[in-house]
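K.L.:
Kindly produce the complete structure, drawing on both the sequences and the hints.
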Amino acid sequence: MTGIINYGAGNIFSLTAALDRLHIPYGMVHRSEELSDYERIIIPGVGHAGAAMRKLQASGLAAHIGQLTKPVLGICVGMQLLTAYSEEGDSDLLNVVPLKTLHFENRITGKVPHMGWNKVFPENDCPIFENVGKDAYFYFVHAYFIEYNATFTAAYTQYGLRFSAALQDRNFYGVQFHPEKSGEAGERLLLNFSRL
Amino acid sequence: MEPEIADSLLDAMLAKRIIPCLDVKDGRTVKGVNFVDLRDAGDPVELAWQYSQQGADELVFLDITATHERRKTTVELVKAVARQLNIPFTIGGGINELADADVLLHSGADKISINSAAVRNPALIDQLASSFGKQFVVVAVDTRNVDGKNYVHLNGGRLKTDIETEVWIKEAESRGAGEILLTSMDHDGTKNGFDCRFLKTVNDNISIPLIASGGAGNMQHFIDVFQQANVDAALAASVFHYGEILIPELKAELRQHGIEVR
Numbered sequence: 134m135t136g137i138i139n140y141g142a143g144n145i146f147s148l149t150a151a152l153d154r155l156h157i158p159y160g161m162v163h164r165s166e167e168l169s170d171y172e173r174i175i176i177p178g179v180g181h182a183g184a185a186m187r188k189l190q191a192s193g194l195a196a197h198i199g200q201l202t203k204p205v206l207g208i209c210v211g212m213q214l215l216t217a218y219s220e221e222g223d224s225d226l227l228n229v230v231p232l233k234t235l236h237f238e239n240r241i242t243g244k245v246p247h248m249g250w251n252k253v254f255p256e257n258d259c260p261i262f263e264n265v266g267k268d269a270y271f272y273f274v275h276a277y278f279i280e281y282n283a284t285f286t287a288a289y290t291q292y293g294l295r296f297s298a299a300l301q302d303r304n305f306y307g308v309q310f311h312p313e314k315s316g317e318a319g320e321r322l323l324l325n326f327s328r329l
Numbered sequence: 493m494e495p496e497i498a499d500s501l502l503d504a505m506l507a508k509r510i511i512p513c514l515d516v517k518d519g520r521t522v523k524g525v526n527f528v529d530l531r532d533a534g535d536p537v538e539l540a541w542q543y544s545q546q547g548a549d550e551l552v553f554l555d556i557t558a559t560h561e562r563r564k565t566t567v568e569l570v571k572a573v574a575r576q577l578n579i580p581f582t583i584g585g586g587i588n589e590l591a592d593a594d595v596l597l598h599s600g601a602d603k604i605s606i607n608s609a610a611v612r613n614p615a616l617i618d619q620l621a622s623s624f625g626k627q628f629v630v631v632a633v634d635t636r637n638v639d640g641k642n643y644v645h646l647n648g649g650r651l652k653t654d655i656e657t658e659v660w661i662k663e664a665e666s667r668g669a670g671e672i673l674l675t676s677m678d679h680d681g682t683k684n685g686f687d688c689r690f691l692k693t694v695n696d697n698i699s700i701p702l703i704a705s706g707g708a709g710n711m712q713h714f715i716d717v718f719q720q721a722n723v724d725a726a727l728a729a730s731v732f733h734y735g736e737i738l739i740p741e742l743k744a745e746l747r748q749h750g751i752e753v754r
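Sequence order for the protein chains is H and U. Heads up, the first sequence is in this note's numbering, so the first residue is 134 and it goes up one at a time. Heads up, the second sequence is in this note's numbering, so the first residue is 493 and it goes up one at a time.
None of these hints come from the bench; they were simulated from the model. Everything hinted at is true.
Quick list of simulated restraints, FRET-style, between CB atoms:
#1 E317(H) to I556(U): 24 to 34 angstroms
#2 S169(H) to Q712(U): 56 to 66 angstroms
#3 S165(H) to E741(U): 45 to 55 angstroms
#4 R520(U) to E280(H): 40 to 50 angstroms
#5 R164(H) to S623(U): 21 to 31 angstroms
#6 N257(H) to D594(U): 36 to 46 angstroms
#7 D696(U) to M134(H): 45 to 55 angstroms
#8 V659(U) to E317(H): 37 to 47 angstroms
Backbone N, C-alpha and C fix where the C-beta goes; we use that ideal spot for every residue, glycine too.
P.N.:
Here is the structure:
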């Protein structure tokens, strides 16, 4: 069963609706003791990365996530939390993956936030992209991005620059886009994760 | 970082969005729909699902329910849509305060759209953006050309204000609007094409996404608005509802003209 970290950072209705449609069973994780009840963990997140980090710390979960050996999937800000640092609020984050989360503003000429459907190019045979297609469109809404890295980038997207649309480091995965809002490609990705 | 590639090339990767708009009253779609395989054309959830299957990139629901029961039916609608739909959607109509938006967010809405309420109380944009994030806040603007200038209109275009449309859109952006939905009331319902010239003027002046609305009558109009005004998305209602334009054919046509679509 999949556990969803429920720490009050944004709305998880769309995520649970997608899991319901896909018949993926799930439960909620509010406290660190509950982490052991699940085979894999999803960290959702919308909004301000620094604020999300403070909520995660207040829940007592922050110190335990990096220790997990089961599959973990961070979505959007949930993915950014896995990095070391975000320019959003000059925030130190979980530092599970040694990368930085940076602001699009002043780095690209395009509109910020990066909002809409964009192509995602998987790299490094990441298992969550199995049967997704080499340049499938996913739905993005974000003003901050995780830098591209040859080791940890599991898929990249281009928007004025090349950034990490997805990450993988050991059992830790992250996606910048919203799989729950990304049509069939997103549903395939969630199914792949549920089978890890 | 990888070697840099020209921005223009990279930005072209973001697909232009096609957005059908559904008018909903008392939980039912109002305008006629003639999809052949629709069991219940008045059911917004089934209609939404059909559109997502056809390749719509996003949906906008405009709730025009007038009764005091409005909030309850809207919330039920949003929940039902969010359960069924795997693409983003916006809900507009009757959002006057933070509490209205909060309920809709937690019912699964991706964005809310505010129109007259923002004009009457511009600080609402700031409050919504700081509470829920800019990406949640679409500011819808109805504009009409009066003696050569575009002015914001309220009440479905019937009530003229003294606010110049371009000035209002800049203010909305600076207050935290994540997106602008601009409807030209002069073009709306004419099926003579979008107001490409004014849309381009507005688009060149803002750095948030712009959705064009009003005037779509054929596929060429969509090509024109993307090529001439470079808007991020185009919204239409009747041409989709009456099956005059089918989204898969529209997207194929756009693709043939070098316009990036999903």
